[in-house]
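Engineer: Heads up: the sequence shown at position 873 corresponds to 873 in UniProt numbering, and the numbers run straight through without jumps.
In silico DSS-like pairs for lysine-lysine, Cα to Cα no more than 27 Å straight-line:
(1) 32 with 12
(2) 661 with 694
(3) 491 with 874
(4) 298 with 701
(5) 82 with 247
(6) 161 with 528
(7) 181 with 161
(8) 701 with 301
(9) 82 with 105
(10) 478 with 993
(11) 394 with 491
(12) 491 with 478
(13) 701 with 491
(14) 175 with 161
(15) 510 with 665
(16) 298 with 394
(17) 694 with 851
(18) 834 with 907
(19) 907 with 491
(20) 362 with 403
(21) 82 with 181
(22) 907 with 921
(23) 874 with 301
(24) 924 with 834
(25) 907 with 924
(26) 352 with 362
(27) 528 with 733
(28) 340 with 352
(29) 478 with 874
(30) 403 with 301
(31) 491 with 403
(32) 478 with 907
Think of the hints as simulated: they come from the structure by calculation, not from any bench.
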Amino acid sequence: MTIAMMATFGIKVERLLDPATGRPSNTYRIPKGHYVSPDVYDIESDASSATYPLAIAAITGTECTVPNIGSASLQGDARFAKEVLEPMGCTVVQTATSTTVTGPKVGQLRQIGLVDMEPMTDAFLTASVLLAVAAQPPANGSTSTSRPSTRITGIANQRVKECNRIRAMMDELAKFGVDTKEHEDGLEIFGIDYRQLRANVRVHCYDDHRVAMAFSVLASLAPGAILEEKRCVEKTWPNWWDDLERKLGIRAHGVDPECSASLCISPSHFNKAGVNGKQATAASLSQLTSSRAQTPRKYAKDATIVCIGMRASGKTFLGAIGAAALGRTFIDADVIFNEKLGVKDGLGDFVKQHGWPAFRQKELEIFQELIVHYPRGALISLGGGVVETEACRKILAEYAHSKGPVVYIVRDTDAIVKFLSTSDRPAYGEPVMDVYRRRNPWFGECSSAELVSYSAGESLAVQPCAMNVPDPSFTIQKRFGLETEVARFFKFVTGQNTNQIGDLVVDSRKAGRQTYFLSLTFPDVVPKLELIRSMETGADAFEFRVDLLNPSGQPVTAPQVPPTEYVKYQLAALRHRSSLPIVFTVRTHSQGGMFPDGAQQEYFDLISLALRHGCEYIDLELGWDDALLAAVSEAKGHSQIIASWHDWSGRLDWESDATAKIYEKACQFGDIAKIIGKANTMEDNYSLERFRAKVSATATKPLLAVNMGAVGQYSRIVNPVFSPITHELMPVKAAPGQLSFRQVQTALSLIGQTEPRRFALFGTPISHSLSPLLHNTGFATLGLPHNYELLETTEVNDEIAAFVRSPDFGGASVTIPHKLNVIRLLDQVTDEAKAIGAVNTIIPIRNAQGKFTALVGDNTDWIAIKTLARRSLKTVHLADPNLTALVIGAGGSARAALFALYRLGVKRILLFNRTLANAEKLAKEVPVEWNVHVLASLDEISQLPLEQSPSIVVSNIPAEGATLDASATGLIHLPAVILQNPAGGVVIDMSYKPYHTSLLQLVQQVNTTTELAIGTNLTKAPLRKLWTACPGITILLEQGCHQFQRWTGREAPRAQIEQAAWEVYLQR
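Using the sequences provided together with the hints, build the complete structure.
Structural biologist: Take a look at the structure:
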């Protein structure tokens, strides 16, 4: 094609012959010359895209002409009409510049036996859907059987396109009842009568435009077919769905599933030639500068939240998640509008009949009613155009200023424009971008917070797990993604849970947990998200170094202002991959960073962005005017301010009056004081520690104080509050002298600040316990000098008593038969352990001098059950007023399971035990508010309405005590009806081994049945969700991680523990 085009413009390229063989080689001679434009040059139509309307003519028996594609075309796909459609029975008239196809009568397409589509590989998808309904045999017979079929060859490369297209076509055609067979170089398709096509099929398009357009051809004959990820066609034919209906007369139902990655932001926000800083700041200017955008307040915790934003920004979807996370009523103003009109979707008709002004007036009235009727306990999603009305803007602005949060849902504008181009909502009557530019400042003026509807959020929600874990649902690693971040954001905005560190040391003279933040120095965090997740072990927070961000992806080498939009989406990406708190830092050049010193407005634009986006901590440099510092402090909402001062000169005198004044100013404007100096000698470190001890005597706020440089590393080791740390995989250190978490822990041990502790498991039999491996892996990963061992005894004897009272005792796990008898050795027992009636964890409490003050008994079994259940269920699911759970077995850990489910918020707990009397006895013993109902038979669940059936199942019986065989005797039969809830749920089996118990086999069977239903029954299957399985090994590891945290104050390194534990477990 290139050579032919060059020839048309006057450059004749010569392909040279191989002198040895005389055949054309891959060497070309290109003469030097100048292009000369011909008088006329016809730009061909896209031949690949042309196959779809031509195929519609073929399958529907109609006629279609495509101009600018004919026999003279340079494109291989132009041969599709003559080499595929004509042999299938179509009449094809092709000139040098046009192609006309007339299809045979519907149902009369025929197979063609064998076709080599190597010259037109992209067109094989179009051919496949036609061959699927080609019921007539080919003239030369099938390639392999007597059934009418066609084998397509030469398309092996289609396995490595946007998806494995060969497998995609086979899988999706199977849903319609069409058989296929895969070959090394292609596939074979066995046609059926079009009347045999299964109805109501939901086609997964793999976010591949050619899959979507090919199946929209088949949808012309397949009743009720729905094509998912409809927006993927924008890559090739943005108006495909409109053109399909209006120009070709075919209505194919395309949808975008709520969790489809294509629903959200396009990757364009990472375009290296993205918007510059001046343009970007207009979207999120703070009231601290010239912008009218508001910042958060500390509202009443139950104040109603209002969500605003452009149409198609995700207000309804994200708002519903937020409402469920907060336990609030969700109200969609559009739904209220339709209810008042008495129709299901009357917005468009109302605008057509009455015009936009009348619509806006009605919208205002509804908004005013909602604010009055729901002042508390609700989350309201408003229409995208509510800010077009001045009265609405005034109400919103006043509400955000003093009454409650108004959240601006932000989405990439390109994604909004593309989505609305195919929307059936009433047209604006002007370009969407013009609407956005007009409304965007209003959205800022009327809101106090921003939430990014981040496109990659769902792709980032893939559950991480160790490679040797048999099933991702078995993992103990924390789940991240869009839903987790949305829940965090709304809880932060309301103050329900601010995700901040609650035990920062204020008086350094007293014992306390040292805390750390990991300083990120990547210019682009997005490609490093998985790496960052692996680096967070030991860190309590991330320092998000805004001044080091660069859209080019290259390290920042000179002071620069990063584009606000880039910062916004970088922050969103990080949020969707980790739940750690964020320390938002814009470090100016004079303070050791890369942000221009004189860019005051741009600096506070970014501080405002951090406030509006719910950053837990914001580093605020004390070098700015007091008026600006006070304004930030006043407008911080639930964020905490780290008031910072950096002196790189090496002349900071820690014990001078000047430093004392810096500290006083930091405490005045900040929640945390931060002072950084530079050490020239060890005496500078000693001076710092004397300063720290002096201010601690009267301190009311935490102090972060370290010296930079190699000599200053001692101060980093002993600093108790938010010591900045690095990692060996970080591109550069954020400051000279930074150490990794592991290096700090090793140093603390070497200087005697961390004493080695002994830990143990008490019980019998315990020789095969994974607990030593679990905890010792955690200690080694974090660089802690501790050791965990086994102490096997048949009773709670003097040996155990001596162990727990030894000076180096660090903690203990307790298993059968000691969970009750060990209590006599303890000074305290937590309320949770009392409610459960068993202790599985012993925690020593020490004073500032490291001396014992008490031994506390706790229980982490219930926490593990609650944690895994919460992690496996959707936020909306947990807010279900009918949330029901089933506990099987009344012995062992049954009481822990009941307590966990009660704490989770389960509304009704069903209890079954093979010996009914034991279940009834347990139900009477627990508090009535747990709402436990005893079942005489598991089959009784079949009598419950589906939506009131269990969503959580916890089994406390040994693996050998249950069966799926209804005819078995002496065992508990597990009927499939216990998993009949169409919304799915989570199943937890406390049995340690084997991991694939009868109950988990039942989960697999039900999930398989559901998956098959999704592929064949549209009317019921979309409502069915899969069940998540958690085996006993997962419970063991989860509760162990909670023990680890209680003993060390550190989050357990779950990835490393999981990898090590499963490796040993699977070998036993």
